[in-house]
Amino acid sequence: MLLPSLAYERPETVEEAVALLRATRNARVLAGGQTLLNALKLRIVHPDVLVDVSRIPSLREIAHEPDGALRIGAAVTYDELAASPLVRAAHPVTAAMGSRLVDRQVRARGTIGGNVCLADPTSNFPPLLVALGARLRVRGARGARETDADGFFLAPYMTALAPGELLDSVLLPALAADQRVGYETLQVGTDSWALARASALVRCNGTIREARVALGCGPVPVRQRAMERALVGRAPTAAAIAAAAALAGEGFDPPGDVHASAAYRTKMAIVMARRAVRAATEES
Amino acid sequence: MPDSVHAIELTVNGEPHEAVVPGRQLLVHFIRDTLGLRGTHIGCDSGNCGACTVIVDGKAVKSCMQLAVQADGRALETVEGLSGPGEEPNDLQAAFTRHHALQCGYCTPGMLMSATALLEQAEELSLDEIRRGLKGNICRCTGYVNIVRAVEDVAARRGLA
Amino acid sequence: MSVPTRTDEQIATWSPPAPQAPSVGQSIPRKEDRRLLQGQGLFTDDLWMHRQGHVHFVRSPHAHARIGAIDVSRAEALPGVYATLTGEEVRGLTDRFPQIAPEPGGSAKDYCLAVGKARFAGEPVAVVLAETRELARDAAALVEVDYEPLPVTLDGVATTQPDAPLVHSEIGSNIGWEGVYEFGDVDWALEHADHVVRIPHLHFHRFSSTPLECNAAVVDWEQGTDTIQILSNNQMPQFAAMFMAPALGVRTDQLQFRSQDIGGAFGLKLTSYTNITAIALLSRKANRPAKWTEYRSEHMVGSCHGNERTFRGIEVPVMADGQILGFSATAFDDVGAFMRYEPLGGVIFSQVLPGCYRFQHLRVDYRTVLTNKTPVGPNRGYSRLQHLWMVERIVDIVASQLGLDPVAVRRRNYIAAHEFPYETPNGCLYDSGDYHAALDRVLELVDYDGWRERQAELRASGSGRRIGIGIGSTLDSGTSNFGQARLINRELQYSGNGEAAICKLDLGGEISVALGTVPQGQGHETTTAQVVADTLGVSPNEVRVLAGADSARNAYVAFSGTYASQFAVTGIGAALGAAKALRDDLYAIATSVLECAPEELLLVGGTLSVEGDEDRAMTFAEIANLVYANNGALPPEIADAVTLNRRFVYRPPFGVPDWRTKSGHLTLTYASQFHACVVEIEEETGATKLLDYAIVDECGTPINPQIVEGQVHGAAAHGIAAALQETLEYDEHGQLLNGTFWDYHVVSCPDTPLFKTDNLPRPSPFTPTGSKGMGEGGGGPLHAVCSALQDALGPDVVVTESHNPTERVWQLLHEPDAAAREGAEVRSR
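Protein chains in written order, with the working numbering: chain U, 1 to 284; chain R, 1 to 161; chain F, 1 to 829.
Careful, some of the hints might be misleading.
To be verified - Cross-link-like lysine to aspartate or glutamate pairs, in silico, DMTMM-like; alpha carbons within 20 angstroms at most: (1) R:59 - R:123; (2) U:267 - F:682; (3) U:267 - F:684.
These are computed hints drawn from the structure, not numbers from a lab.
Okay, chain U solo, but in the shape it has when bound (with noise of 0.2 angstroms):
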C-alpha cells in the first residue's frame, strides 16, 4: 500500500522537534510508526508533514529521576522497555507487557510514547500508566510541562497534548516495597487483541491500604473509585476482592463491535479488575 503525498523531517533534537510541529500546520509525529503507518496507508490521516522523533537521544533514554521516578523516554521501543535492567528492577509489570505486546517485529520499532499518544481503545499501556499514577512530561514552545496519566486520554484517539507539543517521557513512580501491580488481559489469541484490560496497583500490609484500579478496553481507561474504596482496609481474600470487584464498571462504556459486545466487554473488565487486584495482593 502506498502512502499519500508527504513530506519527512527528522530532527535531532526535541526543541527542533517542537519547532517544526509548530511551524508546519497539520504535521504528525513519527516515533514506531507501528500504526501511523497503518492509518497512513489506508489513507485514514493525511498528515503534510512527518516529524520522525525515533532517533532523538534524549526519547531514547531511560533513567531515574531525583524523586526516584522512572523517567522512559517517549521514542523507546517496547522491547527496549522489555529489555531494560532498569524497567525490570523497578517495574517488573511494565517490562513484561514490553515483552508481549503484538510481535517482535512490532516490539522493535513500536514505542511507550506512540502506544500512549495514539490513545487507541485497546492499547495496552494506558490503563497501566493511569494505575500507576504515572506523570507524563510534555514539551511545547513553553518548555516543558506535566501532566497525570489519569488526565492524559480525552477520548478515543484524543489526549491532552496541544497541538505542537510532543511528549517527551513516561515518569513511572518508584513502587513503595509494599506496592505491587497486576495487570490482567482477556485477549483474542496470544499477545493479540484485547476485549478487556485492567490494571491495578495495591499497596498491601496484610491489609489492603490502598489501591489504583483501571479498566482499559473503554473509550478511555477509567479509575474504579468505588472498588478502590470498597478495597481499602480489607485483608486480601478473594472474597473481599470479588465483593470490592461487584462495584467496578462504573464509567465504563467499552464499544460493541465485530470482535465482542459492550455488555460482555463490561463483564470481563470486571473480571479482570478482580484479578489484577488478586494479582497484586498475591505475595511473589
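Once you've looked at the hints, dock chains R and F against the given chain U.
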C-alpha cells in the same frame, strides 16, 4: 506540501548503498522496486502478516511499517543475504527443507528473517519462545508446526535449545 | 545399422549404475524449496512488462445501489493516466459471463464491472490505468459515481422471502438454484425410529482461507497478434478461459495464460477471471500492458469468501441402539451477490451426502441463495465441509441428547472396512478406508482415556475450568466427475474429468515434464519427479518439472488446474501416462538399435542396456541425439514412430451421472481424516484453549508422506482458525466489518497446536498409483472443536454455530437460551 526527497546511505546484505528516496516511500517498496530484491513480499496492508519482514540493525522489522528514509545509516538484511542463487542454503534454509516448513513459499522469506533474528538474539530458546517469537509472521499453508520444528532443530544445532 | 560410436575410454569407464531405489513413498526434499527459500520465487507481483501501466479498481461503497452517471474526466485529466473503463463501456464491449445455473438463475447478468447497479460493497464499478501505482490510486479516487442506494438483503434465509430486495431482478427471486436430494425413505424412517432428534437451526459461518498472496495479473492485449498474454495467479486458467472467451468474444486460444509460483490459493483464486477480463479490456483500450496487484483490503471485500450455509428443520431418526437411519434438512447456501463457480456447491456437497456413515434415508432440500455480500469462491473443503460439519453436529447432538457416548455412536454408524468400495444411497462409490481403525488410532494419539480421567478430575475440582474432548470425522473427496454439473443444469455438456502432461526427452537426453496443474505450494514438481523418475529409471533430481500454467506448452484440458483434491490422481495420472509413453519411445529405439527384444532391456540410471550384455547399451543422451540430430541413422519406421515428446491425458473412469435421480459416481476418491481435540474452557470468560490435537488421515498410497502431512497440518490450521478466530461479519447496511488483517484474526503460530498426526494408507483401487487426492481436509477442526465444546457443555446446550469465539462460548455457558437459538428436542416412541 510536495513530497520530500532524501539522500540515504545504508548497507544492504553487507554492501554499501546510496539512494535518493521519496519521503513517503515505504521500505518494502524501496527493497522490491528500487533494489530489485523481490524475495521480500507483501501480504497485507495493515502490518499484520510479516511477509515483508527484514532485519534492520539486527532486529526483525516489518518493512511495510517503516519508511525507506528511516533505514538511513542502518544495516539492512533481506532473504537474499542468507544465501545467494547458486550458493548452498544456510543452516536455517536447509532445516526448512528438511522439515517441510514451506509450501507456497510466499511467507517464507519473512519467516526466515524473523527466525534468523530470533536465533541470533537468543541465548537459549524454548519451544514456547519459538512459537511466540514467530507470532508476527502469518503462514496460511503449513499450520506452523513444521516451521517450529525447523527452528527448534537449528536452535539445537546451534546450542540454543 | 550402427550403434553410435563410443570412445574406448567411455567403454572402459562405463559400468551399469546401481538400480535406483523407488522414490515414490519417500519424503524426498522438495525441488521447489531452494528458489523459494532464497527469495528467487517468481510470483505474479514479481513480474512486469515493458510499458506496463498500473491498475486500480474503483469499488462501490454501497452493498446495493443503482449506478447513475460515472464521471471519469477528472481522473483522465491527471497527467500519467492512460485509460479508464466503466461498467457502461463493458456492457458494450462484452457479453455477460456464462452462468452454470439453468434458468431462471442462469439469467443473472455478471459482467467484469458493475453494470446498472452494484450488488455488494466492494464490487468494481470502474477501473483506471496509470503510469504508477500511486497515480492509479489517486486517479481512482477522482472518479465520480452517482449512486442511488437500494435496500439490501443480507440474511441467507430471509433473502428467500417474497419481500426481500432482489439482487438480480432478472431471476425474479434470490434463489439462484434449488433442488431436492432424496434417497431411501426418510418419512418412513422418521415414523419408525425409536427417537427423532429435531435440530431447528445450525449455521455455518462465512470465512476465508485468505491466501497470503493476493490476486494479481499482468495482462497485455497484443494488438498485432491479437493475443491476450496473461501472467497471473489464477488457479484454473482453462476454466477462466471458458468464461472469458465468450464474454470477450475471442477464441480461447487467444487467451495465453502463464504462471509460475502462486502464494496460496485455496480455491479463492479460481474466479479472478472477472478482474482479468476488465484488465484485458483496459490493456486493449490503452494499447499497453496492465498490471494489477490486489491490496489485502481489496481482497477481503472484493474477491471471494467461503460459503455460508444455514440448515433448518433438521430431523434425525435414531434407533434405541444408537443406529442413525439418516436425516432430513433444508440448506440455504448464501453465495453472496454473484454465482460464478456456483451453484456447483449445490451438487458437490452430495459427494459426501451421508458423511462417513451408513445412513440410508437422506433428504436435503438445497437452495443456493443470493445476498448483497461478497461473492463466494470454492474455499478449501468447498461445500463438503459445510455439509460434513452438519453431519458431525447431528451425530454429536444425537449422542448428547440421548445420553449416548459420541465415540460409540460413531463406531455404531461408520461404514465398515469390509464394505469398501461402498456405494452410498445416492450412487457415490467410496473407494477405500477403515474409519474404525482410524478412529481408534486418533483416540490413542490424543490419549482419549487419559483426558476423560482428567476431565472428571477437573469437573470435581471446582477450578473454574472444564475440558471437552471432541471428534471430527471427515471426508476429503477428490477428482470430481464434472458430469455432476448436469445435476444442476442438465443442458451442460460436461462429464468426467482429466488432466494433461507432456513428458519429453530434450536435446541432450534431459527429462522434462510439463504439467497442466497450477500448484500453489502442493509440491507438484517434487511428487511428479518422483513418479516420473521411477518410471524412467532415473533419480528425481534428473527430472525437470515445469509446473504452473503455460498455454503455449499445450499441457492442459478444460479441467486443468489445482483444486478439488485431485492432483495425486489426475496430475500424477497424466505425468505417469506421459512418462510411460516416453518410455515406449525409448524402448522402440533401443530395441531397434541394440537389436534386442523389449523384455531383454534394463532401464537403469538413464541408460537402456541388454540384460546380461551390458556393453550393449544406450544412454538417454545417445537416444536423444539419434532422434533430434542424427535421424539419418535411424530406420525410417522408428523415426516416424517416435517423438520423445509425449502428451498424455489422464481420464478417470467416469460415466455421466443421472440428472433425474441426482445420483451417480460423482467423484473418484474419498480420503478421510479423523480429528480428536481437547478444548479447555475458562468458565468465567469463555476463553478457550486447545490442549491437545491429533489427526489421522488416510489418502491411499502417499507419494511423498511429508508433503501429505504438510497438507494435513495446513488444512487443520484453517479449520482451527475458522472455528475460533476467523469470521467475516457484515453490518445491517452490508458493510464488511473486518476487511483487513487488523480485524480479521488470521490464526498465528502460538495459537496453532502442534498437531500429532498419523497416516493409515488404504490404497484406492480406482487410481493409477493407489493414491487419493487430498489437501482440502474436509474441515475436520470445525467438527472437532464444536464436538469438544458440546462435550464440555453437556446436553442442556446445543452448539449450533460453526464459529465459537470467546464471547459465544461464554454465552453458551451463561446465557444458553440466547446463544443456542432453539436448541434441540427429542421425540421418542
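Do the hints match the structure? See the list:
| no. | hint | in the structure |
| --- | --- | --- |
| 1 | R:59 - R:123 | holds (15 angstroms) |
| 2 | U:267 - F:682 | holds (14 angstroms) |
| 3 | U:267 - F:684 | holds (10 angstroms) |
No hint from the list above goes unmet by this structure.
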